[in-house]
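J.: Residue strings, one per chain:
Protein chains: 2
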Amino acid sequence: MQVVRSVIKKLKNKVKHYMITGENYIGTKRSAQGSKIFKTFDPVTNTENESEFYEASTEEIEKAVALAWKAFICYQDYSGERKSEFLNAIADEIEALGDELINTYCSESGLPQGRAMGERGRTMFQLRSFADLVKKGDWVDAHIDTAQPDRAPLAKPDIRKMMIPLGPVVVFGASNFPLAYSTAGGDTAAALAAGCPVIVKSHPMHAGTGELVASAIIKAAERTGMPEGVFSNLNSSGIEVGVQLVQHPKVKAVGFTGSIRGGRALYDLAAKREEPIPVFAEMGSVNPVVFLPEALKERGEALAKTYAGSVTLGTGQFCTNPGLLFGIKGATLDQFIKRLSEEIVMIEPGCMLHPNIIGAYNKNKGNALAQKGLKLVSEYEQTIGDNIARQAVTTVEGAVFLDNPALHQEVFGPFTMVVQCQDKEQLEAIILKLEGQLTGTLIADSNEANAFSGVVEALRNRVGRIIFNGVPTGVEVCPSMVHGGPYPASTDSRFSAVGITSINRWVRPFSYQDWPNELLPAALKNENPLGIIRFVNNQLTTDTL
Amino acid sequence: MQVVRSVIKKLKNKVKHYMITGENYIGTKRSAQGSKIFKTFDPVTNTENESEFYEASTEEIEKAVALAWKAFICYQDYSGERKSEFLNAIADEIEALGDELINTYCSESGLPQGRAMGERGRTMFQLRSFADLVKKGDWVDAHIDTAQPDRAPLAKPDIRKMMIPLGPVVVFGASNFPLAYSTAGGDTAAALAAGCPVIVKSHPMHAGTGELVASAIIKAAERTGMPEGVFSNLNSSGIEVGVQLVQHPKVKAVGFTGSIRGGRALYDLAAKREEPIPVFAEMGSVNPVVFLPEALKERGEALAKTYAGSVTLGTGQFCTNPGLLFGIKGATLDQFIKRLSEEIVMIEPGCMLHPNIIGAYNKNKGNALAQKGLKLVSEYEQTIGDNIARQAVTTVEGAVFLDNPALHQEVFGPFTMVVQCQDKEQLEAIILKLEGQLTGTLIADSNEANAFSGVVEALRNRVGRIIFNGVPTGVEVCPSMVHGGPYPASTDSRFSAVGITSINRWVRPFSYQDWPNELLPAALKNENPLGIIRFVNNQLTTDTL
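Keeping their order, the protein sequence lines are chains A and B. Counting from 1 along the first sequence, just add 209 to a position and that's the residue number in our numbering. Counting from 1 along the second sequence, just add 209 to a position and that's the residue number in our numbering.
Hints may be right or wrong, so weigh each one.
Copies of the same chain are indistinguishable here, so a pair counts whether it falls within one copy or spans any two.
[Unchecked claim] Below, computed lysine to aspartate or glutamate pairings styled on DMTMM-like, alpha-carbon distance capped at 25 Å: (1) K506 with E727; (2) K481 with D701; (3) K547 with E503; (4) K642 with E437.
These aren't lab readings, by the way, just hints derived from the structure by calculation. Predicted model, so just to flag it, every value in this text is computed and none were measured.
I would like the entire structure built from these sequences, with the hints used as guidance.
T.: The following block contains the structure:
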């Protein structure tokens, strides 16, 4: 025990306390040339945090992009081994930030410590997953079709294909995931793994958390010998920095997590460029849940409890929050709504991320309740502090919902709407009319699902992930996960924001024809020096040629 | 011999001659409600062809899309086996069209019979490749991550992922490939394989060829029991039909091969939709070729002959036509230019696809030659018939080329420009400034390439495929092929228009969470009834669970 304590003490002494400076990272250099200054806000104490942040200037943005482009020229060819060291080092350095990161996170988000620590773990896991992926190397999807010089009427050339990185990627931090979908979150980890330098447009609500994480990335880059400019972190409280980045000719792709309005604006900017670039924006979703009658009859009480928890989890600030619940009208559904309403107000209300966020929550909730036919069933009514959200359950008739698109809009926060459908046909008609969603959930007895196959089919065509007898909240980080879906859940349903296959957003296939073996990249050489799995003449193999 | 002749006779009697009607196919129904009528043109005889084509009306378009959507609901779940039968049947029915298809193709394109037959073979090969792919079934990229109910702090759910189709796809036929990139070409074959119904906007220059191929698809669909609306073929001589299709909410993706102007217009329309959809447009490319000094010294004469052939192949109407040749200024390059110029005028000039195409060729060639510093070195000068293109070799100094973007534009046709670079550095600077390209070619001695690694690196970042000591013309259909590249070679460099992986343009990943085994699609069931290769807990296997 004595030994352990002394090790801990030594480690603590080694950890140099990082002071938040409010400066940008232009590569490894700190820089604060801009005249615009802003602060972050602690919603729990309802006061501004101390540090002042310097918004990146036009020149700083130019410098960051120029460095990123220069870094790209060599970083794109770094071995999987080296990129893996870099990614693991980032995870290590984030861990080494210790309590300061957790405290800053909490003071800038109002989220509890447990959540901060969980999200840090998830972020590190993501980084290490990508480190494993690129170390293993199979992800480049190597294909080799060997030559057939004697083929008639024309000789067949030797053609080999692998994935290569697109170029510098701009990542927009998300308000609701200061770690896992921000500075060193999934988008950044995937881009760095792919071989793309990253410029982060830090989220203004957690600029301090962002700077801390950026300092960890920079330390890791220096420690593992990465090229200057492989990573930059830019502060900004408005839209100008983001606009300039997305329009820059040397930026080749964009990752975003946030509102439909924000994501669509970036998508539109990118589409209007002389050279359009891909924008993967993961945006709004109300995550419909369909409760089938038998299941509700059997397990209504437990489901009400579970869903009260899911709706209020993280104060309803998850992209996968279940904002829309469907059932067939009748006594069973009435009973469920009653139980859900009772359960939800028993939960301690939580703080939202920022006064702007709770402002939007109250406004959007108000807008929804102003719609004809939407009834408030229950809302947390006891006295609450500043920035605390009153969770609410509402209900509406299927026919009313079907006809009013305003009711289909997301109310970001601990809010849900139970739609009482007349019958199976109306339920199906409503689902067909929904916008694209990240998730859809079916609550059913096994035999029941078959009777509602049309509903299930309709749901499948509207979502990226379908869940059986569970809750949509909780996005497992694993290769089978799809976090994305038809617009507006994402701007391109052909990709996922979570899991190792999310690397595909930042790479393109590239062919070498009749290229000399000695000049080929390792992944495509005859001798397969990386020992990766390749398609050789359409057969999967690790063999040499 | 007697037996063979009698079999042939019987077969001939069985083949029912198909009369071109000029009607659209709205699913299996022929329809000609539109009032706008147009004809195709034979550039060889310089006369209009007889058949009149009826441009699709707004109502016909609506009907085709509605049918496609209805077909999608069931077709998306058809087994690989059934889709494979359909694709093979299309190939069979195209073959059964026999000489009529070849004759119509030639009369609508001016291309020779040998080319028509070669392209038909390629088209059938593509269809059969996709048939094999979906029959095998591995392409769905199945991932299974099994549950860990005991994991702390949270149980891990069972998650399984596979590719599913996007929905109805609109395919725009290409002028320069009436078969391989049109009605039943690569885009259509890939979309049908994916499970997406297809609506073809037939190319007006070869509407008769399109109708014949459409009739083959419809026959195949009927013969193999495909749902009504799985395929429609719409005629149009202007842009209206295409615009309406791309803007239709039930259309979920677009494939296009053609000009930058056309492709970009469709991309812009799709990006402005309420729900933006992916457009894969394969567009312009000048396909730079870099001749390194040693190679040119050793093999200049042979290279001049080879490149005279490549520039004029198919009257220069290939997307991969080498329109831009680079060398280091000096006697060796002078000699090469001289030989190339002599060789190219010895080739019999060819007919272009249409008076509009040759009109554009002459105009663009004129525009290029009007640029300061571009010199005409040689041009075919003997008397030629209507619609025959005069091939030409031009040359320009590196510095002039670098400064004048007008010289970087494609001149579609048998035209090439030799850029005389001052040195390696200027060559690299020029390549860095090029727009995105389908291909880049390096002509070099093995040892030479290393000395020019900066040039090779620059080229790699500008193209989709790089060729060593070959010609860019000739696009092998195989899994390793990338036919695409950075904009404007394509609108999304993350995909290829050729090869079986081009199916990825029309599909999206989809996750099932805790879904009951009996309700899962075959590709994801525990027992792996399809026997496909899957990632199970991140290991490739064909095992059952």
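J.: Indicate which option fits the pair K642, E437 if close means a Cα-Cα distance not exceeding 25 Å: within, between, both or neither.
T.: between (49 Å within a copy, 23 Å between copies)
J.: Classify it for me, K547 with E503: is the Cα-Cα distance of at most 25 Å met within a copy, between copies, both or neither?
T.: within (17 Å within a copy, 84 Å between copies)
J.: Indicate which option fits the pair K506, E727 if close means a Cα-Cα distance not exceeding 25 Å: within, between, both or neither.
T.: Between copies, since 23 Å is at most 25 Å while 68 Å is not.
J.: Up to 25 Å between alpha-carbons, please classify K481 paired with D701: within, between, both or neither.
T.: For K481 and D701, both the intra-copy (17 Å) and inter-copy (14 Å) Cα distances are at most 25 Å.
In the structure shown, no violation is registered for any of the earlier numbered hints.
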